[in-house]
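Colleague: Start from the sequences and build out the full structure, keeping to the hints where you can.
2 protein chains.
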Amino acid sequence: MRYPNALIQLIRELSRLPGVGPKSAQRLAFHLFASPKEDVEMLAQALLEAKNQLKLCPVCFNITDKELCAVCEDNKRDQTTICVVEEPGDVIAIERSGEFDGLYHVLHGVLSPMNGVGPDQLKIKPLIERTKQLLNNGALEIILATSTTVEGDATSLHLQRNLEPLGVNVTRIAYGLPVGGSLEYADEITLGRAIAGRQKVR
Amino acid sequence: MRYPNALIQLIRELSRLPGVGPKSAQRLAFHLFASPKEDVEMLAQALLEAKNQLKLCPVCFNITDKELCAVCEDNKRDQTTICVVEEPGDVIAIERSGEFDGLYHVLHGVLSPMNGVGPDQLKIKPLIERTKQLLNNGALEIILATSTTVEGDATSLHLQRNLEPLGVNVTRIAYGLPVGGSLEYADEITLGRAIAGRQKVR
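Top to bottom, those sequences are chains R and E. Just so you know, we're using this note's numbering here: the first sequence kicks off at 40 and counts up by one. Just so you know, we're using this note's numbering here: the second sequence kicks off at 40 and counts up by one.
Warning: the hint list may mix true and false statements.
Claimed, not checked - Under the rule of at most 20 Å between Cα atoms (straight-line distance), these lysine-lysine pairs were calculated in the PhoX-like manner: (1) K105(E) - K76(R); (2) K115(R) - K105(R); (3) K76(E) - K94(R); (4) K162(R) - K94(R); (5) K76(E) - K105(R); (6) K94(E) - K105(E); (7) K105(E) - K115(E); (8) K162(E) - K94(E); (9) K76(R) - K94(E); (10) K105(R) - K94(R).
Keep in mind that the hints were calculated from the coordinates and are not lab data.
Modeller: Okay, structure coming up:
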């Protein structure tokens, strides 16, 4: 005996999602089968609407459903700082911290030669163009907020080398112990970076 | 700044799925945003088709897209054995073992008074009716293949008490060490059950 085709098809589509293996796809499919029809229809509709209405902001490449994204549209934000992040989700993470009031630039990935991702696959050229334009208005700081992984660091280094010659002030987010982190459980590299990045007590 | 509405809506719908928290819902939503439009449409269509085409087999309550499920439809299968399982997924798991050629009965859950699941919430009455009918054709064995959890055992016990008086041969799947399992890592209850359930070497 085998599953009905509609079930096989649903399991196949679900298992293409990241982090969803064949077993969880099967579990999800059975859950959806047992859910009220309206719930499944709402999910299907949310999928289609998201795909139809959302696009990338032409300035910073954040996700938006308008001409410009909410950050680029807001004139009250600090126009002299750009925070460069890997993914649109990182924008929300930084917004939640409440520590940043400038603009963003979303790269949509990190440099990863092994996976065929070079500078041309990321939104690096538009960042350089944008930097040149904003420099006409005066001083500009670019905060590199890529991940503190090997690939994130390499991307950061590549950006630094291409941006600094333009005369822009390039900074990198701080390495260190996470808040609430115990020294005992910190790895030696993080600990070394935390000591190297020490700051005067205010 | 906040997410566009279509994105918020998609994340909300995705996070209602079992095992998908707010963070993974966000990751899934960004993945879907970056996926080709056809892929998202195929997923939405698979959802709707599964919901429209699939229903429960009126005999054994397995999932089907026909009048009867593939097992109930197949006259060549052993009509004198019913394997009782909790969920439709369990049918496929047992089919894959290749050790069973009889019929199934899907309960759609386990007895769980704490969660308000009593005998009336499961497909127990139809099982008793079905048992009575099949007994008219001669001997019948019912294999209780619910989980070896407290709730699965309680469900099994409840079924045994209601089925045995009908004159049916009720059995329970064996407890024991999983194949490839090491004695050293087995918990004492499993080990005790494995010893109690020992069988003559053939």
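Colleague: If a hint holds in the structure, say so; if it does not, say that too.
Modeller: Against the structure, the hints come out as follows:
With a C-alpha separation of about 19 Å, the suggested pair K105(E) and K76(R) falls inside the 20 Å cut-off, and the hint holds. Between K115(R) and K105(R) the CA atoms are separated by roughly 18 Å; this keeps the pair inside 20 Å, and the hint holds. In summary, the hint linking K76(E) to K94(R) is supported, as the alpha carbons are separated by about 12 Å, within the 20 Å threshold. Distance restraint check for K162(R) and K94(R): the Cα-Cα separation of roughly 15 Å lies within the 20 Å cut-off, and the hinted pair is therefore satisfied.
Proposed proximity of K76(E) and K105(R) is supported: the alpha carbons are some 19 Å apart, at most 20 Å. For a cut-off of 20 Å, the pair hint linking K94(E) to K105(E) stands: about 8 Å separates their Cα positions. At most 20 Å may separate the alpha-carbon atoms for a hinted pair to count; K105(E) and K115(E) meet this at roughly 18 Å. Proposed proximity of K162(E) and K94(E) is supported: the alpha carbons are some 15 Å apart, at most 20 Å.
As the CA atoms of K76(R) and K94(E) are separated by approximately 12 Å, the hinted pair is consistent with the 20 Å bound. With a C-alpha separation of about 8 Å, the suggested pairing of K105(R) with K94(R) holds against the 20 Å cut-off.
Against the hints set out earlier in the document, no violation occurs for any number.
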